[in-house]
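Undergrad: Mind docking chains B and C on chain A? Use the hints.
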Amino acid sequence: MNETLFQILVIVGVLLGTVSLAAALIYVERKMLAVWQQRLGPNRVGPFGIFQVLADMIKIFFKEDWIPPFVDKKVFILAPTIIMLTVLMSFAIIPFAPGVVVADLNIGLLFFFAMSSLGAYTIVLAGWSSNNKYSLLGGVRGAAQMISYEVFMGLSLMGVIIQTGSFNMTDIVNAQKDVWFVVPQFIGFVIFMIAGIAETHRLPFDLPEAESELISGFHSEYSGMKFGMFFVGEYLGITLVSCLITVLFFGGWLGPSFLPPFIWFIIKMFCFILFFVLLRATLPRPRYDQLMSYGWKLLLPLALLNVLITGAIVLSAQ
Amino acid sequence: MAKIYVDNIEYEVPDGKNMLEACTSLGLDLPYFCWHPKMHSVGACRQCAVMSYRDENDTRGRITMACMLDANDGTRISINAQPAKDFRAGNIESLMINHPHDCAVCDEGGECHLQDMTVMSGHNYRRYRFQKRTHNNQDLGPFINHEMNRCIQCYRCVRFYNDYAGGGDFGVFASSGRVYFGRSEEGTLESEFSGNLVEVCPTGVFTDKTLHKHYTRKWDLTSAPSICQGCSVGCNILTSERYGKLRRVMTRFNGDVNGYFLCDRGRFGYEYVNDEQRLTRAAQKDQNSGTDAFSAMKDHLASNPKLIGIGSPRASLESNFLLKQLVGADNFYNGVSAIENEVVNEVLNVLVKGNVRTPSLAEIETYDTVFVLGEDVTNTSPMIALALRQAAKNLPKEKAFALKIQHWNDAAIREVVQDEKGPFYLATPYATKLEEIATSSVHGNTKSLVQLSSKVADLISKGGDHQEDNDFAYRVANALTLSKKPLIVSGCGMMSKEIIRCAANIAGALRNAGKEVGVVFSVPEVNSLGMALLGSAGSLDDAILQTEKESGMTSIVLETDLFFRTNSQKANSFFEHSGKTILIDSLENNSTPNADFILPAGTFAESSGTMINNEGRAQRFYQVFKPNNDIKSSWAWLDMLMHQAEKERNFDAIVEEMANSVNAFQPISGLAPHADFRIGTQKIPRASHRFSGRTSMNADVNVHEPKPPVDEDSPLSFTMEGYHGKAPSSDIPFFWSPGWNSVQSINKYQIEVGGPLHGGNPGIRLIEPSESGVSSFEVNDGSADNGKIEALPSWFIFGSGELTAKSQAIMKRIEPAIISVSSATLKNSGIEGNGKITINSGEQKLTLPYKVDENVPAGVVLIPYGLADTMGITFPIYGNISMD
Amino acid sequence: MFSNIRSLWMVFLKMFSKRVTIKYPEEKPYLPPRWRGRIILSRDPEHNERCVACNLCAAVCPVDCISLQATEDENGRRYPEFFRINFSRCIFCGLCEDACPTYAIQLTPDFEMGEYNRQNLVYEKEDLLIDGMGKYHGYSYYQQAGVAVGVKPKGGGENESEPVDVRTLLP
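Residue numbers (the working numbering), protein chains in the order written: chain A, 1 to 318; chain B, 1 to 884; chain C, 1 to 171.
No lab work stands behind these hints: they were computed from the structure. Everything numeric in this text was worked out from a predicted model, so none of it was measured. Each residue gets a CB set at the ideal place from its N, CA and C atoms; glycine is no exception. Please note: incorrect hints may appear among the correct ones.
For lysine-lysine, the following PhoX-like pairs were computed, each having C-alpha atoms within a straight-line distance of at most 20 Å [what the hints assert, rightly or not]:
(1) A:LYS31 <-> C:LYS18
(2) B:LYS132 <-> C:LYS154
(3) B:LYS788 <-> B:LYS827
(4) A:LYS31 <-> C:LYS23
(5) B:LYS485 <-> B:LYS399
(6) B:LYS626 <-> B:LYS306
(7) B:LYS707 <-> B:LYS626
(8) B:LYS485 <-> B:LYS306
(9) C:LYS135 <-> A:LYS31
(10) C:LYS152 <-> B:LYS132
Computed spacing ranges between beta-carbons, pair by pair [what the hints assert, rightly or not]:
(11) B:ASN629 <-> C:GLU26: 51 to 59 Å
(12) C:GLN119 <-> B:HIS724: 55 to 63 Å
(13) C:ASN4 <-> B:HIS704: 24 to 32 Å
(14) C:LYS152 <-> B:TYR723: 41 to 49 Å
Bound conformation, chain A alone (with noise of 0.2 Å):
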């Protein structure tokens, strides 16, 4: 009973935690783009324009939620469902302390790809039902760069797995207990951090929504909280991300006793997310032909080779 009850809290927290932060992660994001820019940031909405996210949020919540006529209008309300849905259920297999983990799934990893994968349905829809030029072609570069930068995220976590030999969340915590993986999975750590931006397109990789370009693709046609969706998606986007980066690389709760682990992943996870923020600050877009040999040709065969040598070395340990 106890036990059902905790795991209701920890769904409950999971669900509560993730979104809220998503949304704090305008303020944040706003802030420190203005920090990093030499600007003051928001500062009107309370003290340092901390209550700019109550701000936002109510002006999100309030804007007319207008279904433009032209549009598939099923799919059209079906997209933006769909982001929020996978990154949420994504969630459910990060193990945020010891024992806090909505699903302690043994192929929690595959589970993970699995959702990512489903999520580029919500561009490749929300492009196509927009009915536009300009969605449409975000949402063909959305399918083309998350299918494709799908591949080599995947193939970057496999030294990770096949150091720890189980798709478990929590084992591969565990497995850090000397030596994060970050050391000896240097290569695959970049690669999936690039690719984890990549798959959610946030800059320097948000082609889909180029808005100089695309004035903001797939989700060109929408408004209010529709377009609310989207844009907590791309939040809870870089917070899972963070999450797994965390989680991977970085040992997860893991770390000197003084913090409970709790609070150490939290940490860890700000930085990742702060580096998020930092990225987009910095970086310019690049050509689309540009991100699609980067990807084909370079991260592919570096993903490959780190899988061989890590399996080399491993093999060779036995």
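TA: Leaving out everything else, chains B and C in the frame of chain A:
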């Protein structure tokens, strides 16, 4: 054709040109000031300097004025050679030494030839830092502004005013740096063509005073091609609008009609368009206005199908045609007096049936001997007078040509010709201004002039030698028989059918004698001949009789003030006897209070249409702006009355219907491009590409800019959007060419300078004589009632025009209504001393002050035509005079 | 790749630099005198309107937001009957000031012109005309121009000689 070389490129040019003309015709940019395509070269300004070379081996060359250099075979010049360029820049710099820093407050700014030429010559910075010469200005009357500081001494003004237009009250004074162009003493310029100084002056010395009152720069004006409605000549004009007001009228070059010039009535008589007396709302007497009034009108028409229509010679052909369609041919009357209707119909009859061609205005200048019969053309059709003044120079010029002086060498020709004039005879009821250039003139009443001209015709047809005789008729007949190209000028000024026939008979006799003769008739109104061609059931008098016979008919009065056309007694009878009256007119007049319904008609500024001038030339005029009230073209109102549709038909549809149903008007459908005409996909813009203030001019009313009005009736657009290249010749809304902002840009629109426009001069002649035409018309010379005094109209360029007389500037020039009479006539009638005299014919009675004028023949009194005190009189009057 | 990482580091370091923005309504920015802000019409040293309604500002305006109509007083001194700037269209490019031959139209260091109602951004002459000479002191166009118009006797301007006596015969 001659082969010339300009900057080592070979060109073919026609013979007899100078190099400036040749280069300008070839589209090359060469600065000039004193040369004018109509007044030719004097070589005074030194601005068209080029390097001329002996042959291809000559490398040094020498500076020559292009305007004084014959464009012979093998002439070799360079425009771009550095010494020539330096010379021109230096010349401009010298001219600019005394030119004030006035451009910001100068009306010429933005369309200034001096500005253009300064830019073209590359004089960018003033180096002169010393004192500038100044001049005192003169008040030159209500038309022209004088600012002598700006003068660059090109002498164009005196050459136009004195030499071309024959003015005598303007001249050049003082010497060297003090040269002054003006009058010997301050006062109104007397010439009827003084307005042309505005366009002739290359800078801002002479500017348009009427424009000055509501000044707008050229680039801000919305302009449209139009036709002057001041008289029957139908000069081509450009009308310009800004902020819903007509701002000015400028010449629109038409090589077949008025060329570069306009008379002052045409140029300054536009202000009535902006008058506060304008009718702006559709109205029902004492009741509704706007759309309610219009539907009440339609309801009334639906229940009262019996109609009578009064057409108008100052309304467009289309309006009159639609009125005729609406009321039926039997009920459509010409809104002029019986005598005027008769005389104009006679003009048409003579032109159609006769065998003599009536020349265009431009052609008039080519005749060498002129006989003017009964018409004061200076006042009825001033531009004909200007053309006649040129014709009078043709024979004397032959002497100069015999001396091998080139046609363009103006100063040399003038030196040879001096004041000599060609054979020019006048037979008029009173002394007219053309008497200055006349070889001989005679004055008489209708009867004596008819007899005189019958005798002339007689003598010509008899042929033979009449040299010894000193009698006027013999001398005229002699001169005409000796001439190569004689011209007979007459018109409706005396309101006599016999005079028209006499003129036609003289011309016919000359034609039979194998002369290349022309006959020109001046008719009273802009579309008088069009009305005659359209045909009507009768005159206004007939219409009044008809209403008296069958009262209660609904009358539709189109652009006619009955009180202007007939006496108040008759006019009131018309309004009494007709049922409801629908009046379509533009200005409030004596008729408007009598109308039950009023529809505000557009003037030439707000409406489009076709007019037929005195030579039978159909010409299209276009509306320049869409007013923001009920004002519409008369034909649009009539079309809406005729058809149930709320929306009026397109203009082309009406023209098409007219061309199909009236045989004479067949060619009019091809007169100008139709409304769907596009260049590429674009309309022709009425506004220049620099038009300013579009996002601000209506912002005081509403900051959200309104949709610009759309012109469905013409290929022109109301805005600056459209094709900015050259438009078809009939649809040129303004003259402008890169680097040529002034009126001189007309050069760029002509095939060769002074010649026809690209695509031909606009307008279609509807009347051509047939070889087998009649050469003699029956004349009844017993028309005058013997023993009675004949009152004839005297015409005034300023005042006799019904609408132009309501323009403010013109009003200042209108003279008071005074009867002119000779002392002999007064003595015979026993009148002495000062005061007013009354002329009484029983039917008509008029009392006015009088003045003694010994030039008026005995038995004749002259009454000014169409002034406020004399309107409604139908001439001629036969009666008695007595002291009031 | 290295350059990307270097840029990341450099951007990161910006965290510790001075802010380039300020808390605007509380702190006011420094505006240089030649700042291109709200447009005004100035007066000449005799306190008359400098604008002579030459229309050059309207002609040069790239968004056509200036319109005016010329009129003149009893001496013939020309001035604008109305002068309207639609600031909701104005792009503050300053070309009107460049074009003005009389220093009448000037741009000022003021940009705080926000309105809730767009109609209020239409400024008429009474909103534009100031009492002083603005940036350019002492300049009076009519002293330079050739026309007299009640400002000076004919030939009484700067660098002008007395009117010519046309009746003299002296060379």
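Undergrad: All hints, please: hold or fail.
TA: A quick look at each hint next to the structure:
1. A:LYS31 <-> C:LYS18: With Cα atoms ~15 Å apart, LYS31 of chain A and LYS18 of chain C stay inside 20 Å; holds.
2. B:LYS132 <-> C:LYS154: With Cα atoms ~12 Å apart, LYS132 of chain B and LYS154 of chain C stay inside 20 Å; holds.
3. B:LYS788 <-> B:LYS827: Given pair LYS788 of chain B, LYS827 of chain B holds - Cα atoms ~14 Å apart, limit 20 Å.
4. A:LYS31 <-> C:LYS23: holds (15 Å)
5. B:LYS485 <-> B:LYS399: Given pair LYS485 of chain B, LYS399 of chain B holds - Cα atoms ~17 Å apart, limit 20 Å.
6. B:LYS626 <-> B:LYS306: violated (33 Å)
7. B:LYS707 <-> B:LYS626: Holds, at roughly 13 Å.
8. B:LYS485 <-> B:LYS306: violated (53 Å)
9. C:LYS135 <-> A:LYS31: Distance ~41 Å between LYS135 of chain C and LYS31 of chain A Cα, so the pair is violated.
10. C:LYS152 <-> B:LYS132: Distance ~15 Å between LYS152 of chain C and LYS132 of chain B Cα, so the pair holds.
11. B:ASN629 <-> C:GLU26: 51 to 59 Å: holds (53 Å)
12. C:GLN119 <-> B:HIS724: 55 to 63 Å: violated (33 Å)
13. C:ASN4 <-> B:HIS704: 24 to 32 Å: Violated, at about 49 Å.
14. C:LYS152 <-> B:TYR723: 41 to 49 Å: The hinted range 41 to 49 Å holds for LYS152 of chain C and TYR723 of chain B, with Cβ atoms some 47 Å apart.
Going down the numbered hints, you'll see the structure goes against 6, 8, 9, 12 and 13, while the others check out.
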